Amino acid sequence: MDWLGAGIDVPLIVIRAIHLAATAVMTGTLVFRAVVTDAAIHSSNPVVMIVRAQTLRVAWACLAVSVVSGLAWLLLAAASISGLPFREAMTPSLLSTVVNDTQFGLVSEIRVVMAVILAGCLAYDRVPLVRGLALAMSLGLTAAIAWTGHAGSTAGEMGIFHLTADILHLFAAATWVGGLVSLVLLLSITRRDRTDAGMSFAREATQSFSTMGLTIVVVIFATGIVNAWILVGSLHGLIGTEYGRLLMLKTALFAGMLSVAGVNRYWLTPGLASPSEDRPPVEVLRLLTRGSLIEIALASVIFAIVGMLGTLHPATHAL
Amino acid sequence: MRHSPLASVFATIPLLLLLTGHAGAHALLDHAEPRVGNTVATAPSEVTLWFTQKLESAFSTITVTNAAGQRIDSGKTRVSDTQMSISLRPGGTGTYHVTWHVLSVDTHTTDGSFTFKVGP
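Chains A and B, in that order, are what the protein sequence lines are.
For the first sequence, the working numbering begins at 139 and goes up steadily by one.
For the second sequence, the working numbering begins at 3 and goes up steadily by one.
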């Protein structure tokens, strides 16, 4: 569907971006819960309990958005494959062929099964083993996205290398963005709570997420270089193609996120442990929340760019 | 006036769309046998095409016509990974037209055509 007269399939790009964002936030929220919230020293702390309940709601909401947008993606992809207008393409025979005879369809089927298991796990969330299974299913839903894009169509041994890098890239990005959403929830609840126990948990969680963030950045950077090497390949590819230019914009936004994360990590987070008179803990929490929201906003633009990159020729093929 | 981060995101999306001139397909023809534009002495029994990405067999096809414009392919395209072939019936000498349409596994379609000659 060419909506802007320039071959740009806006609905497909928007749906892809929404699906990627929802799946990433869902997975990152569950990783944050496993690594930060469930590992909290004072697990009976009321703030910890509220954060757990809120993150579970976020996971449910994101799962719902992920399933709906995933199905919409399948229908739009089927229309795109057929080359027909959307309404004409929605025939049982075409949909059946796309679902049963293409890699995208097979991956979609597997992801639906994982989504159903994840929904069951979230419904019976009190059992630790079930929470572990929920995390595994969510990671699986995220990893499977790699088979629907460029990495899934790269041939030979390079294809395995590309898929591995793409899966790690998706995991790291999801952990960062989903973790930020959970962190904003936690900081907001702590600002309202204003108890010592709540502040202690916020300090512990922020420190823990910051430490995790260092690993995330290294993984995103390393796997991003691998993906760029395979899909862009040269300086000419980076500068002379639409794919390369969008990738540069994505990298600039990533650098912006990194800068804000650096301010949060090295300037604001220490203020929670040793507050000063001119910057009380509540003010630090406010600034940390604002910084995290800016990071989430930048990440949202990155998701829109990733939605577009998936519809473009990789630079190595466009030259 | 205060702007929320979310409002900034929505304001940025149209700009991103303008940055991209076109969206398109992915699997491109790498090479073919008989080679694109070449002349071969005898009519080949099949045409094979190699692409830059893995292909979906359900939506990838080749058609071949001879100099008289008659279809001489078997109608049954064989797809394996990045390679696609079709058997040919004898079609005489002259210019053969090969038309292909492929779907790469990342769900993007590409099509194209080329010619080769049979004869001295």
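No lab work stands behind these hints, which were simulated from the structure alone.
Being a predicted model, the structure only gives us computed values, none of them experimental.
Be aware that one or more of the hints could be misleading.
[Stated by the list, open to error] One-sided excerpt, in silico: chain A residues whose CB lies under 10 Å from chain B:
(1) ASN183
(2) ALA216
(3) ASP239
(4) GLY278
(5) ALA281
(6) TRP285
(7) GLY294
(8) GLY297
(9) THR389
[To be verified] Listed below are the simulated SDA-like cross-link pairs for lysine to any residue, each with C-alpha atoms no more than 20 Å apart in a straight line:
(10) B:LYS78 with B:ALA45
(11) B:LYS78 with A:LEU431
(12) B:LYS119 with B:LEU31
(13) A:LYS388 with A:LEU431
(14) B:LYS78 with A:ASP239
(15) B:LYS78 with B:ASN68
No residue lacks a Cβ here, since even glycine has one placed at the ideal position from N, Cα and C.
Q. Do the alpha carbons of LYS78 (chain B) and ASN68 (chain B) lie within 20 Å of each other, as the hint requires?
A. Holds: LYS78 (chain B) and ASN68 (chain B) sit about 17 Å apart, inside 20 Å.
**Q.** Supplied contact hint for GLY278 (chain A), tested at 10 Å Cβ to chain B
**A.** 19 Å, violated
(Q) Checking one constraint from the list: CA of LYS78 (chain B) to CA of LEU431 (chain A), max 20 Å. Satisfied? (A) 55 Å, violated
Q.
Hint validation: GLY294 (chain A) versus chain B, beta carbon distance must be below 10 Å. Holds or violated?
A. This interface hint holds because 8 Å falls under the 10 Å limit.
Q | Supplied contact hint for GLY297 (chain A), tested at 10 Å Cβ to chain B | A | Given a least distance of 7 Å, the restraint on GLY297 (chain A) holds.
Q. Straight-line Cα separation of LYS78 (chain B) and ALA45 (chain B) no greater than 20 Å?
A. 19 Å, holds
**Q.** Satisfaction of hint between LEU31 (chain B) and LYS119 (chain B), Cα-Cα up to 20 Å
**A.** It holds: about 19 Å lies between the C-alpha atoms, which stays within 20 Å.
**Q.** Hint check, ASP239 (chain A) versus chain B [nearest Cβ-Cβ separation less than 10 Å]
**A.** Hint on ASP239 (chain A): holds, closest Cβ of chain B at ~4 Å, below 10 Å.
Q. Does ALA216 (chain A) pass the interface hint, meaning its C-beta sits closer than 10 Å to a C-beta of chain B?
A. 9 Å, holds
**Q.** Given hint ASP239 (chain A) paired with LYS78 (chain B) - CA-CA distance at most 20 Å
**A.** Given pair LYS78 (chain B), ASP239 (chain A) holds - Cα atoms ~16 Å apart, limit 20 Å.
Q: Double-check TRP285 (chain A) for me: the hint is only fine if its C-beta lies closer than 10 Å to a C-beta in chain B.
A: Since chain B brings a Cβ to about 8 Å from TRP285 (chain A), closer than 10 Å, the hint holds.
Q: Using 10 Å as the Cβ threshold, decide whether THR389 (chain A) counts as touching chain B.
A: 14 Å, violated
In the structure shown, a violation is registered for the earlier hints numbered 1, 4, 5, 9 and 11, in ascending order.
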